[in-house]
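With the numbering used here applied, the sequence shown corresponds to residues 1 to 217, in that order.
If you are wondering where the hints come from, they were derived from the structure by calculation, not from laboratory data. Check before you lean on any hint, since a few could be wrong.
Stated by the list, open to error - Here are the computed distance ranges between Cβ atoms for each label pair: (1) R8 with G125: 17 to 25 Å; (2) S200 with T53: 35 to 43 Å; (3) K100 with N124: 16 to 24 Å; (4) R121 with S200: 26 to 34 Å; (5) V201 with K25: 27 to 35 Å; (6) A103 with G79: 39 to 47 Å; (7) S37 with H115: 40 to 48 Å; (8) R177 with A99: 22 to 30 Å; (9) A99 with Q144: 31 to 39 Å; (10) G213 with G79: 33 to 41 Å; (11) R39 with G98: 37 to 45 Å; (12) E130 with A31: 14 to 22 Å; (13) R8 with G169: 18 to 26 Å; (14) S37 with M105: 38 to 46 Å.
Claimed, not checked - Only pairs whose alpha carbons sit at most 25 Å apart, straight line, appear in this in silico SDA-like list of lysine to any residue: (15) K145 with G125; (16) K106 with G125; (17) K106 with S127; (18) K141 with R39; (19) K141 with V201; (20) K25 with M105; (21) K25 with T207.
Please read all numbers here as calculations on a predicted model, not as lab measurements. Ideal placement from N, C-alpha and C gives every residue a C-beta, glycine not left out.
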Amino acid sequence: MNAENETRTTLVLLVRHGQTPTTGKILPGRAPGLYLSERGMHQAQRVAERLSTLPISAIYSSPMERTQQTAEPTGERCGLPVVEEPGLLEGDFGDWTGAKLTALMKLPEWATVQHQPDQFRFPNGESFVEIRDRMAQTLQKLRQKHPGGTVVCFSHADPIRIAVANALGTPLNRFQRISISPCSVSAIAYQTESADSEPSVLTVNSTLDSLAGLRPS
């Protein structure tokens with residue numbers, strides 16, 4: 001990518017929050033009061049180091065404590081405020097909020113969640129289609145605010161997986177095949193000249209490699 005092309009590309013970095021005491025055990029959803037574990041805090045510092053190699057234009061975060069806590073070290077390193085963005089929220093899991101994953105896996109509805117998510121709505125909560133549309137609208141709004149810039153968005157596993165699947169043109173029913181680890185970075189590039197241009201997915205679930213190459217100097 002040469003300098004001329006770089007100025008025409010808006011780079012969106014999707015970062016999952018760091019590990020919490022309930023990661024992989026509970027479906028916390030939007031329940032308040034969940035913070036990073038000690039390991040999660042180390043992950044947040046590490047991802048801040050990785051992101052600081054890029055010319056960050058703006059930092060946005062889901063309002064949840066765990067995402068805000070993950071975003072803080074990046075904001076400090078880059079000298080930028082962390083702006084709360086409700087569109088990056090975790091899915092509303094309704095009556096499933098706070099349930100153990102082992103219990104949910106025994107429900108007959110779990111097969112629909114895994115294989116036909118476009119047909120599923122969480123009881124008294126959000127549907128996967130609504131999560132997809134919300135994330136698409138949010139990312140479009142943010143990249144229009146920062147054309148040609150690099151925007152970091154701290155969010156949650158399912159919204160990020162769905163946004164990546166959407167950018168890839170992958171059907172919603174296949175988004176579960178994408179892995180998004182705690183504090184991983186996924187990068188999507190958008191051309192600013194045309195609203196109809198196809199996005200380019202540059203990396204998915206990156207946890208170790210340098211990010212500097214996403215914006216060559």
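Results for each hint:
1. R8 with G125: 17 to 25 Å: 39 Å, violated
2. S200 with T53: 35 to 43 Å: 20 Å, violated
3. K100 with N124: 16 to 24 Å: Distance hint for K100, N124 holds at roughly 18 Å.
4. R121 with S200: 26 to 34 Å: For R121 and S200 the Cβ distance comes to about 32 Å; the hint holds.
5. V201 with K25: 27 to 35 Å: Given a distance of about 30 Å, which is inside 27 to 35 Å, the answer is holds.
6. A103 with G79: 39 to 47 Å: Since the Cβ atoms of A103 and G79 sit about 44 Å apart, the hinted range of 39 to 47 Å holds.
7. S37 with H115: 40 to 48 Å: 31 Å, violated
8. R177 with A99: 22 to 30 Å: 23 Å, holds
9. A99 with Q144: 31 to 39 Å: 37 Å, holds
10. G213 with G79: 33 to 41 Å: Given range 33 to 41 Å: violated, Cβ gap about 23 Å.
11. R39 with G98: 37 to 45 Å: 22 Å, violated
12. E130 with A31: 14 to 22 Å: Because 19 Å falls inside the window, the suggested range holds.
13. R8 with G169: 18 to 26 Å: 21 Å, holds
14. S37 with M105: 38 to 46 Å: Since the Cβ atoms of S37 and M105 sit about 23 Å apart, the hinted range of 38 to 46 Å is violated.
15. K145 with G125: 30 Å, violated
16. K106 with G125: Given pair K106, G125 holds - Cα atoms ~20 Å apart, limit 25 Å.
17. K106 with S127: Status holds; Cα separation ~20 Å.
18. K141 with R39: 33 Å, violated
19. K141 with V201: Cα-Cα ~18 Å, so holds.
20. K25 with M105: 11 Å, holds
21. K25 with T207: Holds, at about 21 Å.
Consistency note: the structure conflicts with the earlier hints numbered 1, 2, 7, 10, 11, 14, 15, 18.
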